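Novice: Put together the whole structure using the sequences plus the hints.
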Amino acid sequence: MFRKRRNQKRNYDIVFFSRPNSVFAEAYRKIPVNLEYANVDKKIKIIHITSAMPGENKTTIAINLAATYAELNKKVILIDLDLRRSKIHRYFKVPNDHGLSSYLIDQLEYEQLIVGTEHGIDLITSGPKVPSPHVVLRSEKFQKLLEKLSEEYDYIIIDSPPVLLVTDSSILTKYVDATLFVVNEKISRKNEVLSSIRLLKENNANIAGIIVTGKTPKNGHYYYRYNSY
Amino acid sequence: MNGEGKIRNTNVQEFEGGFTLVELFQYLWKNLLLILGIVVATVAVGVVYTWLIVTPKYTSTAEIVFTINREKSTGGNFATKISEIKADLPNWVVVLGSEEFITEALIDASEDEESGITFNDIQELEKLVKKVKGLITVTNPKDQSLIKIQTTSVDSKLAYVVTKYVSELAAKVIDFNQYDNEGTIILAVENRLVTRAKLPTSPSSPNKILNVIISFLVGAIISVVVVLLKEQFSGVFKSSEEIEKLTGYPIIGEIFEQEYDDNGGEE
Amino acid sequence: MIDIHTHILPDVDDGARNFEESLKMIKESIKQGISHIVVTPHIFSPYIKCKTKNEIIKIFDEFTKNVKDAGLNVNLYLGHEVSYHIRIFDYFKHGEFLTLNNKNIILLELPYDRELETFEDLQYNFECYGQSLILAHIERYDYYSIRKLKHLKSNNVFFQINASSLMKSHRYFKKANKLLKAGLVDFIASDIHYNRINHMQEAYEFVTKNYGQDVATKIFYDNPSQLIL
Chain A
1 MFRKRRNQKR NYDIVFFSRP NSVFAEAYRK IPVNLEYANV DKKIKIIHIT SAMPGENKTT
61 IAINLAATYA ELNKKVILID LDLRRSKIHR YFKVPNDHGL SSYLIDQLEY EQLIVGTEHG
121 IDLITSGPKV PSPHVVLRSE KFQKLLEKLS EEYDYIIIDS PPVLLVTDSS ILTKYVDATL
181 FVVNEKISRK NEVLSSIRLL KENNANIAGI IVTGKTPKNG HYYYRYNSY
Chain B
1001 MNGEGKIRNT NVQEFEGGFT LVELFQYLWK NLLLILGIVV ATVAVGVVYT WLIVTPKYTS
1061 TAEIVFTINR EKSTGGNFAT KISEIKADLP NWVVVLGSEE FITEALIDAS EDEESGITFN
1121 DIQELEKLVK KVKGLITVTN PKDQSLIKIQ TTSVDSKLAY VVTKYVSELA AKVIDFNQYD
1181 NEGTIILAVE NRLVTRAKLP TSPSSPNKIL NVIISFLVGA IISVVVVLLK EQFSGVFKSS
1241 EEIEKLTGYP IIGEIFEQEY DDNGGEE
Chain C
2001 MIDIHTHILP DVDDGARNFE ESLKMIKESI KQGISHIVVT PHIFSPYIKC KTKNEIIKIF
2061 DEFTKNVKDA GLNVNLYLGH EVSYHIRIFD YFKHGEFLTL NNKNIILLEL PYDRELETFE
2121 DLQYNFECYG QSLILAHIER YDYYSIRKLK HLKSNNVFFQ INASSLMKSH RYFKKANKLL
2181 KAGLVDFIAS DIHYNRINHM QEAYEFVTKN YGQDVATKIF YDNPSQLIL
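Protein sequence lines, in the order shown, are assigned to chains A, B and C. Residue numbers for the first sequence follow the working numbering, so the first one is 1 and each next one is one higher. Residue numbers for the second sequence follow the working numbering, so the first one is 1001 and each next one is one higher. Residue numbers for the third sequence follow the working numbering, so the first one is 2001 and each next one is one higher.
It should be emphasised that the hints constitute simulated quantities derived from the structure, not laboratory data. Check each hint, because a few of them may be wrong.
[Stated by the list, open to error] Below, simulated BS3-like cross-link-like pairs (lysine-lysine); rule was C-alpha separation at most 30 Å, straight line:
| no. | chain 1 | residue 1 | chain 2 | residue 2 |
| --- | --- | --- | --- | --- |
| 1 | B | Lys1198 | A | Lys186 |
| 2 | A | Lys93 | C | Lys2148 |
| 3 | C | Lys2148 | A | Lys87 |
| 4 | B | Lys1245 | A | Lys174 |
| 5 | A | Lys129 | C | Lys2150 |
| 6 | C | Lys2174 | C | Lys2148 |
| 7 | A | Lys201 | B | Lys1245 |
| 8 | C | Lys2053 | C | Lys2103 |
| 9 | B | Lys1238 | A | Lys201 |
| 10 | C | Lys2153 | A | Lys93 |
| 11 | A | Lys186 | B | Lys1238 |
| 12 | A | Lys174 | A | Lys42 |
| 13 | A | Lys186 | B | Lys1245 |
| 14 | C | Lys2053 | A | Lys186 |
| 15 | A | Lys144 | A | Lys186 |
| 16 | C | Lys2049 | A | Lys87 |
| 17 | B | Lys1148 | B | Lys1130 |
| 18 | B | Lys1157 | B | Lys1198 |
| 19 | C | Lys2209 | A | Lys186 |
| 20 | C | Lys2103 | A | Lys141 |
| 21 | A | Lys144 | C | Lys2103 |
| 22 | A | Lys45 | A | Lys174 |
| 23 | C | Lys2174 | A | Lys129 |
| 24 | B | Lys1086 | A | Lys42 |
| 25 | C | Lys2181 | A | Lys87 |
[To be verified] Part of the chain B face toward chain A, derived, beta carbon under 8 Å:
| no. | residue |
| --- | --- |
| 26 | Leu1028 |
| 27 | Asn1031 |
| 28 | Leu1033 |
| 29 | Ala1188 |
| 30 | Phe1233 |
| 31 | Val1236 |
| 32 | Thr1247 |
| 33 | Phe1256 |
Please read these numbers as outputs of a predicted model, since none were measured by experiment. Don't be surprised by glycine CBs; every beta carbon is placed ideally from N, CA and C.
Specialist: This is the structure we're talking about:
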């Protein structure tokens, strides 16, 4: 039905870095561990983050998850594959005058594609908007790019558009090792989530797990205080 | 750290399944517009039905009371006599409601030009009698020396005329007087039309206000049911457990809203 | 007063056709109380044949000499009125147009027919490269409501309206006033071409009378001198 569109200026803050001892950051630190336990037999390197609909905080999760791996001293690269509504570059305050889309149409060299950021996360921004992103994603050049990145990085985190909006997410499933599905407890509708998951399964996605966001503590108690060590 | 592979932090208490009373109110509040819409729609239907579709019916009532005139009556034992009269009234109820009686009353009515009762032959009369029989109700409230005659019809004049002539005929015909062998009146019973038939000006049905109230209640019930169904199927998830159960995938991370943060400050 | 948007350079665009006209225009400006003029010929305009940056620089150097020789006492600065072009950012990176007076501020003309959907991305990229933008004669963009302009306003985005729009019978008089009332006007300039009258003095008096001396001083003196001179 109707979803309130938030038209105010967003806050492009990476909580994991700005408040590393917060409960919020702690929640992220658990994810790599849980991910491993949930997928003991598989080697997970290329992780794809998606959700059912826009506005469910998927991008925030992708960024903070990359930050989590960086803190563990892993070599991690973050790819903004939401070619229609890219915003990762704004969190890192880097320009997006060129990026993945320019690279895939041969207007950019590989060396210029990867942007280093101050927190040790490497970044590939989306680049200028292109008319048909899904065509671009299916290209061999993109596949080869992922192969090359796999050789150089421990983790590749891909932020992609919502499943129900465009087919991009479904296309990506064959290029990635694991899909993490984001459910926002406040906003995500049951039927939309279930449809998305069905769609992903039809495309042979390996859904490694679900990240629940937008949780509110129901009885006033929540995570115990957790100081850093 | 969390080395045992516990997937969820169990410090957080969560409710499972169904919905709590609080959640019910939340659902209702969230869907207030929908509820109002449904209630307004049902009330509108009710109003349209009541005011525009249903034909109003009119009722005319007459009551005959039977009392013993003690001064005129020479005999005694009035208590017993009254009981006898009361015991007999149910029989009269049957008589008054019979086709024969109604026929007589209608013939009387037809002699008055203004009554609007006319028939050209026996068949028409019989048809009319049958129709009127369905409209008329004759009753004797328990243990009272009273006969009540009520006619309900979409035609207010008909209701009035039938009640008038049936009640007047009944008052004439029913005779509880008793005489002795010489013709002296032992028991004088008066039939009094305490309530005379009147031309009804306002309908007895439908009960407009009641209908509106009923539509409102029906609307309220329907809307609540709709809202509950809607929330169950397309609502949001209530807990991580529910997400895990319905999707079939493990929860590997739970992120709380930033606003509720933040008891871990700076280093 | 300082006039930041003019087409006084002779025979380079749809402005002054020859040097005599340029002189006339400058004399008129001086009469109106203008002491500093930023010369901003069109570039990349779809309607007008424009000269290249290097040609303009040469022409400007000669122009300032000639104006001095003609005995006119006025300070001249050089910039461009840059029309939006799909490759504008490339042109920027290759230094193919001029900013205003070599400062990090660009006078930008947007298309008239339709809102540029990627404007915010473009502005963000410019900001990443340290450039502020002045949107020229914004009252003319019918697709921008006051609310939208409030949303676009930021530390790096400025709005300019034309002096002629403050004349009572002008088509955009109402909108120009709405903008002033909303505090959205940073600059008022003449945008003088050969066939238009210079209204700067009138505009100044209008603003002073209706919006106060402080506002007028900020718009006609403080902003231009702080940001451009």
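Novice: So, for every hint listed, does it hold in this structure?
Specialist: Now for the hints, and whether the structure bears them out:
Distance check on the hinted pair: Lys1198(B) and Lys186(A) sit about 66 Å apart at the alpha-carbon level, beyond 30 Å; violated. Pair hint Lys93(A) plus Lys2148(C) holds up; C-alpha atoms about 23 Å apart against a cutoff of 30 Å. Of the pairs offered as hints, the one joining Lys2148(C) and Lys87(A) holds, with about 20 Å between alpha carbons and a cut-off of 30 Å not exceeded. Between the alpha carbons of Lys1245(B) and Lys174(A) the distance comes to roughly 26 Å, so the proposed pair stays at or under 30 Å and holds.
Our distance criterion of 30 Å between C-alpha atoms is met by Lys129(A) and Lys2150(C), whose separation comes to about 25 Å. Between Lys2174(C) and Lys2148(C) the alpha-carbon distance is near 17 Å, which keeps this suggested pair within the 30 Å criterion. For the hint pairing Lys201(A) with Lys1245(B), the CA-to-CA distance comes to about 17 Å; that is within 30 Å, so the pair holds. Simply put, Lys2053(C) and Lys2103(C) have alpha-carbon atoms about 16 Å apart, close enough for the 30 Å limit, and the pair holds.
Simply put, Lys1238(B) and Lys201(A) have alpha-carbon atoms about 24 Å apart, close enough for the 30 Å limit, and the pair holds. At most 30 Å may separate the alpha-carbon atoms for a hinted pair to count; Lys2153(C) and Lys93(A) meet this at roughly 18 Å. For the hint pairing Lys186(A) with Lys1238(B), the CA-to-CA distance comes to about 8 Å; that is within 30 Å, so the pair holds. Only pairs whose Cα atoms come within 30 Å are accepted, and Lys174(A) paired with Lys42(A) is accepted, the gap being roughly 15 Å.
In summary, the hint linking Lys186(A) to Lys1245(B) is supported, as the alpha carbons are separated by about 17 Å, within the 30 Å threshold. For the hint linking Lys2053(C) to Lys186(A), the alpha-carbon distance of about 55 Å lies beyond 30 Å, and the restraint is violated. Only pairs whose Cα atoms come within 30 Å are accepted, and Lys144(A) paired with Lys186(A) is rejected, the gap being roughly 38 Å. For the given pair, Lys2049(C) sits about 37 Å from Lys87(A) by alpha-carbon distance, which is inconsistent with the 30 Å threshold.
Our distance criterion of 30 Å between C-alpha atoms is met by Lys1148(B) and Lys1130(B), whose separation comes to about 20 Å. A threshold of 30 Å between alpha carbons decides the hint, and for Lys1157(B) with Lys1198(B) the separation of about 9 Å falls inside it, so the pair holds. A hinted pair counts as satisfied when its Cα atoms are at most 30 Å apart, and Lys2209(C) with Lys186(A) does not qualify at roughly 53 Å. For the given pair, Lys2103(C) sits about 40 Å from Lys141(A) by alpha-carbon distance, which is inconsistent with the 30 Å threshold.
For a cut-off of 30 Å, the pair hint linking Lys144(A) to Lys2103(C) is broken: about 43 Å separates their Cα positions. For a cut-off of 30 Å, the pair hint linking Lys45(A) to Lys174(A) stands: about 13 Å separates their Cα positions. Distance hint between Lys2174(C) and Lys129(A) is unfulfilled; the C-alpha atoms sit about 36 Å from each other, more than 30 Å. Only pairs whose Cα atoms come within 30 Å are accepted, and Lys1086(B) paired with Lys42(A) is rejected, the gap being roughly 97 Å.
Taking the CA atoms of Lys2181(C) and Lys87(A), the gap is about 33 Å. The hint is violated against a cut of 30 Å. Checking Leu1028(B) against chain A by beta carbon gives a least distance of about 16 Å; that is not within 8 Å, so the hint is violated. Given hint, Asn1031(B) at the interface with chain A, is violated; its Cβ is 10 Å from that chain's nearest Cβ, farther than 8 Å. Given the 8 Å rule on beta carbons, the hint for Leu1033(B) is violated: about 11 Å separates it from the nearest Cβ of chain A.
Look at Ala1188(B): its Cβ only gets to about 81 Å from chain A, farther than 8 Å, so that hint breaks. Interface hint status for Phe1233(B): upheld, as the beta-carbon distance to the closest one in chain A is roughly 6 Å, under 8 Å. Checking Val1236(B) against chain A by beta carbon gives a least distance of about 6 Å; that is within 8 Å, so the hint holds. Evaluation of the Thr1247(B) hint against chain A yields a held restraint, the C-beta minimum of about 6 Å falling below 8 Å.
Given hint, Phe1256(B) at the interface with chain A, holds; its Cβ is 5 Å from that chain's nearest Cβ, closer than 8 Å.
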